[in-house]
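Novice: All chains should be modelled from the sequences, with the hints used to inform the complete structure.
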Amino acid sequence: MTDPNGYLQHILSPSLLFGALGTIALLSLVFKENKLYRLFEHIYLGLALGYDVETTWTEALRPQLWDPIVHDGQWVWVLTIPVGLMFYGVYTRRFEWMSRLVFGIFFGAAAGTVFQDMCQRFVPQVRKSFKPLVPPPPHPGDIHATLHAVSYVLNNALFITILVCVITYFFFAFDIKNKVLLLMARSGRLVLMFAFGALFGATIMTRMALLIDRMYFIFVDWLQWAPK
Amino acid sequence: MDRTIWHKMQSIDSRYIYAALIVAILIPLFCSKLVYLNIPSKPSIDFYNTIEHIASTEPNGLVIVDGQWSSSSRGENKWQTQAIVTHLMMRHVHFATLSFDTQNHTLTNEIVTALAAKYHYVYGVDYIDWGYRPFQAFTAMLKGLDTDIPGTVVHDSSGKPISSFPIMKGVRDIKDISAIIEISPTSSIDGWLGLVQGVNNTPLLYAPTAISAPKYYTYLDSGQISGMLIGVKGAGDYESLIHQPSFGTRATGALSFVYALIILLVVIGNIGHLKLRAMARTETEK
Chain A
1 MTDPNGYLQH ILSPSLLFGA LGTIALLSLV FKENKLYRLF EHIYLGLALG YDVETTWTEA
61 LRPQLWDPIV HDGQWVWVLT IPVGLMFYGV YTRRFEWMSR LVFGIFFGAA AGTVFQDMCQ
121 RFVPQVRKSF KPLVPPPPHP GDIHATLHAV SYVLNNALFI TILVCVITYF FFAFDIKNKV
181 LLLMARSGRL VLMFAFGALF GATIMTRMAL LIDRMYFIFV DWLQWAPK
Chain B
1001 MDRTIWHKMQ SIDSRYIYAA LIVAILIPLF CSKLVYLNIP SKPSIDFYNT IEHIASTEPN
1061 GLVIVDGQWS SSSRGENKWQ TQAIVTHLMM RHVHFATLSF DTQNHTLTNE IVTALAAKYH
1121 YVYGVDYIDW GYRPFQAFTA MLKGLDTDIP GTVVHDSSGK PISSFPIMKG VRDIKDISAI
1181 IEISPTSSID GWLGLVQGVN NTPLLYAPTA ISAPKYYTYL DSGQISGMLI GVKGAGDYES
1241 LIHQPSFGTR ATGALSFVYA LIILLVVIGN IGHLKLRAMA RTETEK
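Chains A and B, in that order, give the protein sequences. For the first sequence, the residue numbers in this note's numbering are 1 to 228. For the second sequence, the residue numbers in this note's numbering are 1001 to 1286.
Be aware that one or more of the hints could be misleading.
Stated by the list, open to error - Here are the in silico distance ranges between beta carbons for each label pair:
no.: 1; chain 1: B; residue 1: Glu1058; chain 2: A; residue 2: Leu26; range: 39 to 47 Å
no.: 2; chain 1: A; residue 1: Asp3; chain 2: B; residue 2: Leu1274; range: 53 to 61 Å
no.: 3; chain 1: B; residue 1: Pro1166; chain 2: A; residue 2: Val164; range: 51 to 59 Å
no.: 4; chain 1: A; residue 1: Leu17; chain 2: B; residue 2: Ile1017; range: 23 to 31 Å
no.: 5; chain 1: A; residue 1: Phe194; chain 2: B; residue 2: His1007; range: 30 to 38 Å
no.: 6; chain 1: A; residue 1: Val134; chain 2: B; residue 2: Ala1114; range: 47 to 55 Å
no.: 7; chain 1: B; residue 1: Tyr1018; chain 2: A; residue 2: Leu8; range: 27 to 35 Å
Said to hold, decoys possible - With a straight-line cut-off of 20 Å between C-alpha atoms, the simulated SDA-like cross-links for lysine to any residue are:
no.: 8; chain 1: B; residue 1: Lys1160; chain 2: A; residue 2: Trp57
no.: 9; chain 1: A; residue 1: Lys128; chain 2: B; residue 2: Val1199
no.: 10; chain 1: B; residue 1: Lys1160; chain 2: A; residue 2: Thr58
no.: 11; chain 1: B; residue 1: Lys1169; chain 2: B; residue 2: Tyr1121
no.: 12; chain 1: B; residue 1: Lys1143; chain 2: A; residue 2: Gly112
Hints listed in this document are in silico derivations from the structure and should not be mistaken for laboratory results. In this text, all values refer to a predicted model and were calculated from it rather than measured experimentally. Ideal placement from N, C-alpha and C gives every residue a C-beta, glycine not left out.
Specialist: Right, dumping it as structure tokens:
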């Protein structure tokens, strides 16, 4: 290290030091439960909650509700406050009807939105599930046209087979006795297992990415032992 | 019965495993000169090509970058954001940032501000910050964007009307948006898919954490999602596509070491198990 004082100043700078201590304390849980871990866990939770409250006020409630009412003369927004308070009627028998009014309006709006949401999300998927088993005409000049056609048909055939097998597996309403259907249901279960395996692999990737990021922070950003 | 090496192979002390894990992660961090064979996956290439297409066909097109991540998924989403924003700025694509997470607004702004200085991006002309909105307003906000963007967003993060910025000239509704980029560890993409994307078939690009990605492969297949960056591997893919290697590239290398370690541990455990089973069978036969 060329400048020991500068390095010391760097690693002792409050934000970096606090971040590094927090990381080490939270990771110490893998060895065993300890008080340092508990302390930093509570600090983290408190900070996150405090930050949420502050941001909600400064970036949402104040500019979108308080300032328009108090500074811009848009007093009509005041009317939203009693409507919001009506939700709390649920806690008293006398004013319960008030909460039902606003809940009813919200349920209606949500149901309409969910209907649009479901249609727009799932209808295109159902439509795309009907894949053709006849390849499209080859592109002019495609020297691997046969190969592309074969892979197109094989891909789509595999997709349709897996789709039908998995759907067969979810026939719980009646007892399947037919041997072909049974085989299809078992194959469906098998491919579902492959999917769950991929899901588990992806889970590990996320967990490890978070650990790698923290190690990068400790050894590159804070200690500067590893190159930037 | 004495504990043999075969028993120990099946029950390695977890502390040794954690130590090995950290060593596996540190090797690529310390050996920055290691060359990784990082082959971008197809969803990452599609993501890249969509931005390239917008850059070449819609020079004044506006892209919405919606961030919903916070410090808890920084390890993946931060590097995705950095790679995506770098690409947008390299190709001079205009964009608007929007946050539905309290921490995200600050975290995304840090990245955008640092890169804006590097790529000479001017606020209000090349990019704009639509600010933070509480997640409770997510559905209402998305429905509003479909028909009236200036009336829904109203102000930027500093409180100025968004219509007063040159970047917003001619932007009225979702038809005037070139693409939507969603960077999120949650399933918030469902809202964009269900309430926005289908209205005008606006290209929707998704950068999730790896754990969320498998659920959305079906949307890639149906064409509802035009491209996807999967976790930190996606960030690494993107860095190699835009030739700007950074943390994502090194993290992808570290991930490879970690996966190799996990496979090795699975093999060790299975060898121990199979050997003990064979020994038990021999004992029974005697």
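Novice: Could you run down the list of hints and mark each one as holding or not?
Specialist: Hints versus structure:
1. B:Glu1058 <-> A:Leu26: 39 to 47 Å: Holds - the Cβ-Cβ distance for Glu1058 (chain B) and Leu26 (chain A), about 45 Å, lies within 39 to 47 Å.
2. A:Asp3 <-> B:Leu1274: 53 to 61 Å: 57 Å, holds
3. B:Pro1166 <-> A:Val164: 51 to 59 Å: Given range 51 to 59 Å: holds, Cβ gap about 54 Å.
4. A:Leu17 <-> B:Ile1017: 23 to 31 Å: For Leu17 (chain A) and Ile1017 (chain B) the Cβ distance comes to about 29 Å; the hint holds.
5. A:Phe194 <-> B:His1007: 30 to 38 Å: 32 Å, holds
6. A:Val134 <-> B:Ala1114: 47 to 55 Å: 52 Å, holds
7. B:Tyr1018 <-> A:Leu8: 27 to 35 Å: 29 Å, holds
8. B:Lys1160 <-> A:Trp57: It holds: about 18 Å lies between the C-alpha atoms, which stays within 20 Å.
9. A:Lys128 <-> B:Val1199: Holds, because 18 Å separates the two Cα atoms, which is no more than 20 Å.
10. B:Lys1160 <-> A:Thr58: Between Lys1160 (chain B) and Thr58 (chain A) the Cα gap is close to 15 Å, so the pair holds against 20 Å.
11. B:Lys1169 <-> B:Tyr1121: 17 Å, holds
12. B:Lys1143 <-> A:Gly112: 12 Å, holds
Of the numbered hints listed earlier, not one is contradicted by the structure.
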